[in-house]
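Can you make the complete structure from the sequences, with help from the hints?
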Amino acid sequence: MQTQSLVYLDRVSKLYRSGGAEIYAVRDVTLAVQAGEFFSLLGSSGSGKTTTLRLIGGFEQPEYGEVYLNGEVVTTQPPYCRPVHTVFQSYALFPHLSVAENIAYPLAIARTPREEIDAQVRDALKMFQIPELGDRRPHQLSGGQQQRVALARALISRPKVLLLDEPLSALDAKIRDEVRQELKAVQRQTNLTFIYVTHDQDEALALSDRIAVMDQGQVQQLGTPRDIYDAPASLFVAQFIGKANFLRGTIVDVAGDRATVLVNGLALQARLSSPAPALNTEVTLMVRPERLRLSSAADTQSSTHFLENQVSATLTQSTYIGAVQELRLTTAVGDLLTTQLGQAPIHASSSFTLSWQAEDCLVLPVD
Amino acid sequence: MQTQSLVYLDRVSKLYRSGGAEIYAVRDVTLAVQAGEFFSLLGSSGSGKTTTLRLIGGFEQPEYGEVYLNGEVVTTQPPYCRPVHTVFQSYALFPHLSVAENIAYPLAIARTPREEIDAQVRDALKMFQIPELGDRRPHQLSGGQQQRVALARALISRPKVLLLDEPLSALDAKIRDEVRQELKAVQRQTNLTFIYVTHDQDEALALSDRIAVMDQGQVQQLGTPRDIYDAPASLFVAQFIGKANFLRGTIVDVAGDRATVLVNGLALQARLSSPAPALNTEVTLMVRPERLRLSSAADTQSSTHFLENQVSATLTQSTYIGAVQELRLTTAVGDLLTTQLGQAPIHASSSFTLSWQAEDCLVLPVD
Amino acid sequence: MPDVSSPAIAPRPQRRPWLLGVWTAIALGFLYLPIGVVVLMSVNQSRILSLPFTGFTLDWYGLALADAPLRAALGNSLKVAAIATLFATGLGLLAAFAIYRYQFWGKTAFRLALNLPILLPGVVTGVAMLAYFSSLELGLGLGTVILGHGVFGLPVALGPILTRLGQFPTALEEAAYDLGARPVQVFRDVLFPYIRSAVVAGALLAFTLSFDEVVVTIFLTGRDNTLPMEIWGRLRTNITPEIAAVATVILTVSSILVVASQRNSAPPSA
Amino acid sequence: MPDVSSPAIAPRPQRRPWLLGVWTAIALGFLYLPIGVVVLMSVNQSRILSLPFTGFTLDWYGLALADAPLRAALGNSLKVAAIATLFATGLGLLAAFAIYRYQFWGKTAFRLALNLPILLPGVVTGVAMLAYFSSLELGLGLGTVILGHGVFGLPVALGPILTRLGQFPTALEEAAYDLGARPVQVFRDVLFPYIRSAVVAGALLAFTLSFDEVVVTIFLTGRDNTLPMEIWGRLRTNITPEIAAVATVILTVSSILVVASQRNSAPPSA
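Chains as they are written, first to last, in the numbering used here: chain A, 1 to 367; chain B, 1001 to 1367; chain C, 2001 to 2270; chain D, 3001 to 3270.
It is worth saying that the hints were derived from the structure and are not from the lab. Just so you know, even glycine gets a beta-carbon here, dropped at the ideal spot from N, CA and C. Hints may be right or wrong, so weigh each one.
[Unchecked claim] The list that follows gives simulated cross-link-like pairs (lysine-lysine, DSS-like), each with its CA atoms no further than 30 Å apart:
#1 A:K174 x B:K1126
#2 B:K1160 x A:K243
#3 A:K184 x B:K1184
#4 B:K1243 x A:K184
#5 B:K1174 x A:K174
#6 A:K243 x B:K1174
[Claimed, not checked] Pair by pair, the computed Cβ-Cβ distance ranges are:
#7 A:E326 x B:D1335: 28 to 36 Å
#8 D:V3253 x B:Q1216: 50 to 58 Å
#9 C:K2079 x B:P1131: 31 to 39 Å
#10 B:N1264 x A:P78: 56 to 64 Å
#11 D:T3170 x B:E1115: 51 to 59 Å
#12 B:Q1317 x A:P83: 26 to 34 Å
#13 A:L235 x B:N1264: 33 to 41 Å
#14 A:G334 x B:R1226: 26 to 34 Å
#15 B:E1182 x A:Q216: 26 to 34 Å
#16 D:T3170 x A:S312: 53 to 61 Å
[As the list claims (entries may be wrong)] Looking from chain D toward chain C, a few residues come up when the C-beta cut is under 10 Å (computed):
#17 G3036
#18 L3120
#19 A3131
Right, dumping it as structure tokens:
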């Protein structure tokens, strides 16, 4: 058992009744979060990520399974008994209290002496670089400032775990980037355990130590950002995270973790994810657009000739989006999308070669 | 005069009165949109982009200046007299009418014969791949389907110009990409003039033939996506579009369109945007993160030694976000951000070299 | 697929608010019982308006139906309510549009003034109208009652229309203009369909109000009685099961109108 | 900076809705004038309640103040309104919480039932309560009036509280729990501060309603008169400027209470 983890969910399920039918909001989820980790729950709306967070916070109680905090069962404990605080999507600052009173609230509830509260609030305001905002009301603050106050309030009584429910979604795109950096910095400084709910894959990839990708109430994959991006466990995860090219083919040879897959008559070398499928079964190959190398067909001295897979390609569409160009090409194995970090405009030309490593080409089940 | 353009705004201003003060929503904007163009108005909220669109649509009338459509003054004409249709941000489908009735509305208003309406609506439903949805009510459709109906309705009576007010902002991130492609395809097929309002720079860059970047009611820059990304006219545009590194320095030498700028004692080669500033004035240098080449300091045979600017750098932070890695490095000229389309994890090491072309390093005014 | 053979922890029973349930029962009883008693009396064989229940009968309804003054009063009530409702709904619709569409001087005062009749004590407005109509030398009668009920019905009819108009997405109107519709067509094709059910709801409320009103009616009527007035007059002298029967009918009709009005209050699904 | 020396096209004048303006003037006049007439009469020297204006005087207010039965009636009205308001607001607060917090069987019926007293004709509910209280052998008097007004005030007080509770962001409550507050603390620190002004608004409305009510009062009172009853009684016999003075005072107090209540209806800025 992993009850020695800081947060441990043991086969937890949460049901909703909807017109006679029972619907699983969370289904048989088992998770262990270690102390000091930045752990993300990533999924689209309705995937169960927020319900999972609320089960840890104590706002919901599961029908099946147990929730452990610090090795103790807290499944039926109300939120005010758990050493866990939450930063809400809406920040949930108390509108009738000043910023300082908001931040002081957890201490006031715990009957901390007046002078100690004042000192701690002053420190918190300083730490979050808003020392002059103590007397303001929440509605007088910008979104970013409200976010900081919510964070300060949740951290002031030093919880064991901080739960964050899409804390950046209410912010403008420009400021979101900045606050994201701050959030990561706070987590590093305090060395606290963060459990972070988001639907934004970039956010999850950039911030997390580990990510649980959720769908339909279940954890689809759990791993480091690199694991999830480079070795998605299923077609769903591959489609959900980042852009990818998918090719249908038949597996014809297996050697170690390498496989040969026949796509439209062409043999492509690919990497196997365990377990190896039987020969002659249909599979899907996944290649990320940025792993495709584009070279002029004439250019035979190019550094791409050692790559295992090579197909000739015709450019059909190029889209310029600032830092990168997205190119769509037609090849013998199907249409492929590739991303080039490039300055020079690439014009439609009769012949290109697309090449990629077997390492970057993953074999996935058909569905 | 450019009154022969399809849409021409001649020094147009729109004022709002707010508590005694007069505020310019749009200030002295002159724009010419050519037939068949995909033209975008890009800006943040409050930049005047939507008001400009509403002036063209006839929902607002300017206090100063004139609006020309097809060479005729339409400044004071109501919307129902202008050969211009709009796709609203909220789609604005009539809730009490079916999809087919919604699409038929402009024809019904124009007293088109019944059979002709039916035929055209059938064609439109087919063109937008929703032939089976004709009898549904708008609230039974998904966001993407509503978008298509709004587009079909706006196009059915063949307007000269289609105005689109953030048509993708109500869609999910995943489907937005797909609809964006469709939109571009529709514009290509119909060869109509699209005037497109958005706050999303990626959208504007990917779709537009030309873009007008707006701020504080004025056009800050007007040009192709490539112009605006590679040669921003001001610091504002450079900051608004994409990510960029900014370095403060003093201009010490000018030769043709090349300048030498002293930054923290290091001489950097940069490209001048007209007009050339006087020697010894302070300037800002802009370099895009993806234009910086990263190489190991030891690697002297690298292909980067022909680049004009080289500084040694120390890695301070690397963020993995799937397709790209964002690296922050400390150098003698300041902190620099670079983006690498990369698979291999790059670990903190004592010495890297960052190099970039003078061509990619733009001289901009300080503010 | 994960293994769902988890140790079945029985779902915890929800805490039921017993105390609250008891309170609810008392409150409901306290509110409903008096009305139940009247209904019961209207079908009780006993001649005097009292319990206990001695046997079921519909005789009192028959008696009420045959009662000429009651029928005359019902006719008056219906006539007054119908005309006053037309008046109130028409003016309410105009006022709602004025408030929705235009910015004008005194708009806030206008809105407040429109609500005055339902906010102020009936006795005061009754006296005020009596004095006013007298000084205008309008003869008291059903005409003045209609005027009075119209004024009272105006804010009631205005309420739902104004609420609905406030929810009307301006973009719908702009879309219609944009697609070629002229102002009259926009009203006919887009705006009115959107607020139609609110207009119906407002009219039903105004009708109910007029049908039930007593205080102002007393001041403004001449020799013609409306139904509640007739009942009242009889109640002061002699409470009969016949009256209980009429009260039950009024009650039923009012309830149906109110429920119908609330049904019409939800905006069209957008 | 762009050149702003554009050819100055004069801003087009906004079309002013003249017709509407005229309509507004008539409507306002029609609604306000009767009330204006009463106020005018209360300061008119003429003994009989009529125009034209013969001279300004405050004598009628003095006379009303010295009138013993009027003062007794005012005392009764205040007593009844105060107790009925306490009763209505207390029960309204409880009922609002029940509806907000719990899912229970019959919840929709409960909400509808709570609104019944203001939706149904006063004559019917008046008779119903009279019959009910009689069968319970409660002696008629101020006590039964208070009970009746309490029942009528309940939905009025409940309305604003329920509306405000509906706007209450659940996240605030969860945040307080999350930060360590127990249920009682959550109510005291977060929920009640949020709805406080709505409770005040509801209480003010209930007070106004009770202070102005006539129809039900007639059925439920014994020999004690409330102020509107006393006025009414006198109006039936003799309309004097003294009564106009009292009406003006009631009008003023009611208006102040209603405006104060509406001021309290806006939710705290979030």
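Going through the hints against the structure:
no.: 1; hint: A:K174 x B:K1126; in the structure: violated, 40 Å
no.: 2; hint: B:K1160 x A:K243; in the structure: violated, 36 Å
no.: 3; hint: A:K184 x B:K1184; in the structure: violated, 38 Å
no.: 4; hint: B:K1243 x A:K184; in the structure: holds, 20 Å
no.: 5; hint: B:K1174 x A:K174; in the structure: holds, 21 Å
no.: 6; hint: A:K243 x B:K1174; in the structure: holds, 10 Å
no.: 7; hint: A:E326 x B:D1335: 28 to 36 Å; in the structure: holds, 29 Å
no.: 8; hint: D:V3253 x B:Q1216: 50 to 58 Å; in the structure: holds, 52 Å
no.: 9; hint: C:K2079 x B:P1131: 31 to 39 Å; in the structure: violated, 55 Å
no.: 10; hint: B:N1264 x A:P78: 56 to 64 Å; in the structure: holds, 57 Å
no.: 11; hint: D:T3170 x B:E1115: 51 to 59 Å; in the structure: holds, 55 Å
no.: 12; hint: B:Q1317 x A:P83: 26 to 34 Å; in the structure: holds, 31 Å
no.: 13; hint: A:L235 x B:N1264: 33 to 41 Å; in the structure: violated, 51 Å
no.: 14; hint: A:G334 x B:R1226: 26 to 34 Å; in the structure: holds, 29 Å
no.: 15; hint: B:E1182 x A:Q216: 26 to 34 Å; in the structure: holds, 28 Å
no.: 16; hint: D:T3170 x A:S312: 53 to 61 Å; in the structure: holds, 59 Å
no.: 17; hint: G3036; in the structure: holds, 8 Å
no.: 18; hint: L3120; in the structure: holds, 6 Å
no.: 19; hint: A3131; in the structure: holds, 5 Å
Against the hints set out earlier in the document, violations occur for numbers 1, 2, 3, 9 and 13.
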